[in-house]
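Protein chains: 2
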Amino acid sequence: MNEVIETILNHRSIRHFEDKPLTAEQIKTIVSCAQAAATSSFIQAYSIIGVKDKEKKKKLAALAGNQEYVANNGHFFVFCADLYRHTLIGEQEQMEVIPTLESTEKFMVALIDAALAAQNGAIAAESMGLGICYIGGLRNHLEEVKAILKTPERVIPLFGLAVGYPSKITEKKPRLPLEHIYHEEEYEQNQEVYLDQLQNYDEIISHYYYERTNGKRQDRWSEQMANLLSKQTRMYMKEFVQKNKLNLR
Amino acid sequence: MNEVIETILNHRSIRHFEDKPLTAEQIKTIVSCAQAAATSSFIQAYSIIGVKDKEKKKKLAALAGNQEYVANNGHFFVFCADLYRHTLIGEQEQMEVIPTLESTEKFMVALIDAALAAQNGAIAAESMGLGICYIGGLRNHLEEVKAILKTPERVIPLFGLAVGYPSKITEKKPRLPLEHIYHEEEYEQNQEVYLDQLQNYDEIISHYYYERTNGKRQDRWSEQMANLLSKQTRMYMKEFVQKNKLNLR
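Listed in order, the protein sequences are those of chains A and B. Each residue of the first sequence is one higher than the last, beginning at 1 in UniProt numbering. Each residue of the second sequence is one higher than the last, beginning at 1 in UniProt numbering.
A portion of the hints provided could be inaccurate.
[Said to hold, decoys possible] Within a straight-line C-alpha distance of at most 27 Å, the following computed BS3-like cross-link-like pairs (lysine-lysine) qualify:
hint, chain 1, residue 1, chain 2, residue 2
1, B, K243, A, K231
2, B, K28, A, K172
3, A, K238, B, K216
4, A, K245, B, K245
5, A, K238, B, K146
6, A, K238, B, K238
7, B, K20, B, K168
8, B, K243, A, K243
9, A, K243, B, K150
10, A, K28, B, K173
11, B, K150, B, K245
12, A, K243, B, K238
13, A, K245, B, K150
14, B, K20, A, K28
15, A, K238, B, K243
16, A, K231, B, K245
17, B, K245, A, K238
18, B, K238, A, K245
19, B, K231, A, K243
20, A, K231, B, K238
21, B, K28, A, K173
22, A, K146, B, K238
23, A, K245, B, K243
24, A, K173, A, K150
Because the hints were derived from the structure by calculation, they are not lab data. None of these values were measured; they are calculated from a predicted model.
With these hints in hand, go ahead and build the complete structure from the sequences.
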């Protein structure tokens with residue numbers, strides 16, 4: 001196993017960081033690595049906003065559901081889907097680009113571009129001994145997040161990435177069985193096999209919690225997911241995204 | 001610079017592969033690395049389909065706009081947004097999960113999950129001396145791609161990842177200036193600065209092509225993007241995604 005694969009497999013979300021800021025050099029390395037990711041047709045449809053200001057970080061932490069590690073970390077990055085610069089380019093080149101920019105296809109491209117870049121940044125950070133945590137909680141209140149970060153139209157903050165020196169290491173949770181995530185030639189057609197895989201996984205997860213909580217917790221993954229998904233959260237998203245002139249047609 | 005950062009910065013898309021399949025071990029490593037990526041609320045909303053069958057790969061290559069490296073590579077992965085298993089879980093747990101699964105928010109989660117996983121897989125492959133190329137062209141004809149891969153409802157094939165032993169190394173294209181992608185504290189508010197950055201980049205890209213084509217080509221990035229975006233491609237996507245019961249509300 002090489003150093004790269006070791007770094008990748010060793011990932012866990014870190015939620016406690018030392019009070020030590022990243023250096024300008026570390027930030028530059030993380031961003032450069034993010035930029036090295038593949039991008040659909042060279043479109044580069046994302047932006048990254050780094051937040052250092054303590055008051056601003058506290059506000060973002062509150063908006064993200066009082067996750068204190070949004071405020072306390074070495075650096076806080078926000079990854080955004082960004083088709084604003086392409087809007088300006090359309091004006092400058094006097095070409096009709098708006099219908100394309102408003103398509104669901106280009107919304108998907110911007111999301112994928114931003115996520116590929118973010119994961120490169122995350123791996124780079126981890127390779128330097130830093131810990132990371134993705135913050136989807138920013139999507140709880142995007143109107144407010146947008147106001148804080150002053151993002152223009154056709155820019156959607158997607159998630160944060162808290163980076164810093166870990167002060168408490170968490171455990172890795174077992175993932176879905178490889179054969180459930182990975183299919184060969186075609187998607188699994190046998191529903192019995194498919195459901196069996198989920199059931200086996202449920203037992204693994206239940207056992208995982210049981211062991212780590214002295215039996216206090218033993219919820220299955222299916223149970224967790226059903227609970228999570230039965231709560232209708234962030235249902236404003238469609239309207240919000242469309243108000244920002246993306247995913248419209 | 002450590003080995004991880006070196007691997008990340010050394011990325012380039014590879015479009016010519018040796019006729020040598022990946023081993024089962026290599027495939028397993030790539031998928032395990034993909035699975036090690038962060039996932040929103042542990043939801044694991046993606047699947048990966050590996051394609052080895054030569055006929056199937058040829059069909060996918062034709063659908064992706066006759067990109068021959070979709071057919072000729074060491075292994076072809078298709079990364080899918082996947083909320084199908086969560087649909088089944090809702091039924092089994094007898095919880096009302098459908099409104100959430102049909103939300104734009106969860107569509108975004110599935111896309112981001114799939115892309116984070118894919119980039120881990122890509123980096124892992126590159127660290128083993130393999131080359132990779134993302135294939136967005138699969139989205140040209142998703143109805144046909146879905147039929148070939150037999151994906152159920154709420155599964156959207158997003159992109160392919162061709163992996164293999166490189167037989168021809170391509171050059172890296174310069175990315176947007178770091179200060180244009182990366183903002184601090186807030187998005188760049190000075191449009192003059194912002195447009196200047198784009199103009200500088202245009203010159204860099206124009207020069208890049210000029211040098212590599214003995215002056216035959218010298219298009220600016222803005223020009224490329226305006227041309228690309230003025231063509232309304234994949235405009236069926238919104239309807240297609242909604243027909244697959246995602247991004248509906």
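Self-check item: Structure-inconsistent hints, enumerated in ascending order
Solution: As far as the earlier hints go, 3, 9, 13, 14 and 24 are violated by this structure, in ascending order.
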